[in-house]
Structure formats: structure tokens, C-alpha cells
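2 protein chains.
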Amino acid sequence: MILDSETKAVELPEHHGDELRLWLRLLTCTTLIEGEVRSRLRERFDVTLPRFDLMAQLDKVPEGMTLSDVSKRMMVSNGNVTGLVERLVESGHLDRRTSDADRRVQVIRLTKVGRAEFRKMAAEHELWIADVFGDLTPKDVRELMRLLAKTKASAQKSAKARAG
Amino acid sequence: MILDSETKAVELPEHHGDELRLWLRLLTCTTLIEGEVRSRLRERFDVTLPRFDLMAQLDKVPEGMTLSDVSKRMMVSNGNVTGLVERLVESGHLDRRTSDADRRVQVIRLTKVGRAEFRKMAAEHELWIADVFGDLTPKDVRELMRLLAKTKASAQKSAKARAG
DNA sequence: CCAGATTTCTTTAGGTTTCAAGTAATTGGC
DNA sequence: GCCAATTACTTGAAACCTAAAGAAATCTGG
Chain E
5 MILDSETKAV ELPEHHGDEL RLWLRLLTCT TLIEGEVRSR LRERFDVTLP
55 RFDLMAQLDK VPEGMTLSDV SKRMMVSNGN VTGLVERLVE SGHLDRRTSD
105 ADRRVQVIRL TKVGRAEFRK MAAEHELWIA DVFGDLTPKD VRELMRLLAK
155 TKASAQKSAK ARAG
Chain P
5 MILDSETKAV ELPEHHGDEL RLWLRLLTCT TLIEGEVRSR LRERFDVTLP
55 RFDLMAQLDK VPEGMTLSDV SKRMMVSNGN VTGLVERLVE SGHLDRRTSD
105 ADRRVQVIRL TKVGRAEFRK MAAEHELWIA DVFGDLTPKD VRELMRLLAK
155 TKASAQKSAK ARAG
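Protein chains in written order, with my numbering: chain E, 5 to 168; chain P, 5 to 168.
Accuracy of the hints is not assured; some may be wrong.
[As the list claims (entries may be wrong)] No farther apart than 25 angstroms at their CA atoms in a straight line, the calculated lysine-lysine pairs in the BS3-like style are these:
1) K154/E with K124/P
2) K143/P with K161/E
3) K143/E with K161/P
4) K161/E with K124/E
5) K76/E with K164/E
6) K154/P with K143/P
7) K76/P with K156/E
8) K161/E with K76/E
9) K154/P with K156/E
10) K143/E with K156/E
11) K154/E with K164/E
12) K143/E with K124/E
13) K143/P with K156/P
14) K164/P with K154/P
15) K143/E with K143/P
16) K116/E with K64/E
17) K156/E with K64/E
18) K76/P with K156/P
19) K124/P with K143/P
20) K154/E with K116/P
21) K161/P with K76/P
22) K143/E with K156/P
23) K64/P with K124/P
24) K154/P with K76/P
25) K143/P with K76/P
26) K76/E with K156/E
27) K64/P with K154/E
28) K164/P with K116/P
29) K164/P with K156/E
30) K143/E with K154/P
31) K154/E with K143/E
[What the hints assert, rightly or not] Footprint (simulated), chain P over chain E, 3 or more residues, beta carbon under 8 angstroms:
32) 25-31
33) 115-122
34) 135-143
35) 147-157
It is worth saying that the hints were derived from the structure and are not from the lab.
Just so it is clear, CB atoms sit at the ideal spot from N, CA and C, and this is done for glycine as well.
The task is simple: from the sequences and hints, build the whole structure.
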């Protein structure tokens, strides 16, 4: 028996609709929350999300990071980071210097001003996020963490298998 | 012991790190999968993710949709949709016409070519997604669906509360 | 009927993003 | 030492995206 995809189905030859719906729901959640954070960052601090994200990476590492490190951690392209850093150095939030050991490498760090501004934003940001997830119980949070860890591992395995 | 308004035990001042970590993990999963889908769409069909997403919306509604509908469903800005549609009409995937009933409204639909191409891509896409979530058990999938539904509701409530 | 509000879409300006190609510096094999 | 491969970053072109302002059509309350 074949039913349409709205109800439920045992289709030939295999049934993958559940995974697709799961992916769409995951995407919806992320888009929703990301849009909310983006709006709040703009209206409250007049800063874009990519800038905030980059500063967040740097705040964790006082001694600084290379552009490649940032690129990997943020999961965006190298060229993207170059432009982002450019604008943040320009606005005085970042300090950039060529490595002594390897002159190909650029090490970037938060300036004093950059760090202070970031900390202020981060404190509020944490409250927004807590509010966004406010209806989840501590158990829900733990369970989601566990399942997303499993999802991440599965996705990485799949990506790696394709790449080679 | 300090209790908040909902009678849950809390620490001083408050501890929101778990929610933040959950958000970062959610974002990581989505970015990872989205990047994978983006790569595959490009190398397999030479198409971008936004184009695929737009066609996916239209495939569900043969009689077509207005630009506003698309904008709401995709959760992107109006101006964004205008440009996307522009390029897809240009490439012959979309048909666009002004509504007879309301001349402000543009109704867009997949062309025959657009639909055929999309169906071909969608079939493979579904397999990729199944593979990405391949290590999750059916129970994991159900549980994730449930928790993400709860998350979505919570986030929407939070966004609505802010907007007024 | 009609002026003001609303809705739908486009336009504009400024960023963000990817990919591909290119440059400069370093590393490793011989 | 030398040359090829690799690594780190930049550049350029095209697309994507948002927010805000604007234009056109429609709706609404007198």
C-alpha cells in the first residue's frame, strides 16, 4: 500500500521522508533563532552577527588566532574571513599582526576596546538565548545536547565519506 | 535557596551556559549539514542552495505562490526574493505573472523545465539527507523531532514577546 | 467618493558569502 | 642548494542577504 507523503507511508523502495522532515525542522529552528539574534544585535548594539561571531571566537583565545583557525572554527571560507577582519581592524575592534615565525600568517586579537564591547554584548546575548530556549526543561536541554552530538558525528562521518 | 517565579531552583546570579552551548551545537549541526548540501548541489547539479530552496517551495504548490508567500515560508526578506526570482525566471525555471485580481501581486510557478529539474535534484537530495542522519535510530529521529518542535514553539514565543 | 493607511513588490546601499584564481612564504625530497 | 608541493592569505566576480526607503495598488472609515 502506498500513501501520500502527508500522512505516512511505507513507500517503495525506501522511506526517507522522516529524515527530510527532521532536517527541515532543524533548519527552521536555526533560521528562526539566528534571525532573532541578528535583529537584537542590530537594534541593541548596531552590530552584525558575523562580526559578533568572529569576536566571540577571539574572546576565547587572548593570545590570538590565525585567520585559518578562525576560518575553520567559524566554518566559513578564507576569503570571507579576510574581509570580515579587514572591517573589524578598521573599526578598531581587532589587532592584526604578521607572525614572526611564519610571515604568511596573520595573527589577530581583540583590542581592549573590542574585548570590552564584546563582553557587554555577550552578557545580553546569553540572556536572549536563555529566553529563546526558555520553555525547555533541563532534561529537554540535556537530551537535545545528546541527540545533536550524535547528529553532528553522523553528519561529519557522511561528509568525510564523500570527500574521500 | 533562591527560587524564581516558576519555582525552579537557580544559582546566583543565574546560570545560562547550558542554553548557550545548546544553541552553538544546534548552529554547528545546521551549518555542517547546510554546507554539505550546498557542496553536493553545486558539484552534482551546479545549482545554489537558495535556488533549490525556492524551487522546493514552489514544487509543493502547482498553482503558484506570491512573492510574499515565498518570503514568509523561506524566512528571508522581500528584496531577497525579488532578486532570486529574477534570476530563476531568467534561466527559464520560473514563470512569473501579475495577478488579475490584484495588480500588486506577482504569482510565480515552476515551468515544466524547472519542475523536471527540481524533481531530479530532490530525489538525490533526499538520499543525501538520509545519509547525513544515517547513524540516528528511528527513535532518535522521533525524539529529535519532538524536541525541535518544542524548541521552535519556545523560540517563536520569545520572538513574539519581544516584537510586541 | 476620497484621503490616509496598508499591502505588495522593487530599489538601493552596505555587508556577507562562496568559489576560483592568484601571490607569497615555507616545507620537504633529493 | 634547489625545485616542486603545500600552506596562508588575498583578490575578483557573482550571488545572496538585510534593512530601509520608495512606488504602485488596494482597502477602509468617514
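Hints, one by one, checked against the model:
| no. | hint | in the structure |
| --- | --- | --- |
| 1 | K154/E with K124/P | violated (30 angstroms) |
| 2 | K143/P with K161/E | holds (20 angstroms) |
| 3 | K143/E with K161/P | holds (20 angstroms) |
| 4 | K161/E with K124/E | violated (38 angstroms) |
| 5 | K76/E with K164/E | holds (15 angstroms) |
| 6 | K154/P with K143/P | holds (17 angstroms) |
| 7 | K76/P with K156/E | violated (28 angstroms) |
| 8 | K161/E with K76/E | holds (17 angstroms) |
| 9 | K154/P with K156/E | holds (20 angstroms) |
| 10 | K143/E with K156/E | holds (20 angstroms) |
| 11 | K154/E with K164/E | holds (15 angstroms) |
| 12 | K143/E with K124/E | violated (30 angstroms) |
| 13 | K143/P with K156/P | holds (20 angstroms) |
| 14 | K164/P with K154/P | holds (15 angstroms) |
| 15 | K143/E with K143/P | holds (17 angstroms) |
| 16 | K116/E with K64/E | holds (14 angstroms) |
| 17 | K156/E with K64/E | holds (22 angstroms) |
| 18 | K76/P with K156/P | holds (16 angstroms) |
| 19 | K124/P with K143/P | violated (30 angstroms) |
| 20 | K154/E with K116/P | violated (40 angstroms) |
| 21 | K161/P with K76/P | holds (17 angstroms) |
| 22 | K143/E with K156/P | holds (17 angstroms) |
| 23 | K64/P with K124/P | holds (15 angstroms) |
| 24 | K154/P with K76/P | holds (21 angstroms) |
| 25 | K143/P with K76/P | violated (31 angstroms) |
| 26 | K76/E with K156/E | holds (16 angstroms) |
| 27 | K64/P with K154/E | violated (31 angstroms) |
| 28 | K164/P with K116/P | violated (40 angstroms) |
| 29 | K164/P with K156/E | violated (30 angstroms) |
| 30 | K143/E with K154/P | holds (13 angstroms) |
| 31 | K154/E with K143/E | holds (17 angstroms) |
| 32 | 25-31 | holds (count 6) |
| 33 | 115-122 | violated (count 0) |
| 34 | 135-143 | holds (count 7) |
| 35 | 147-157 | holds (count 10) |
When each numbered hint is compared with the structure, violations occur for hints 1, 4, 7, 12, 19, 20, 25, 27, 28, 29 and 33.
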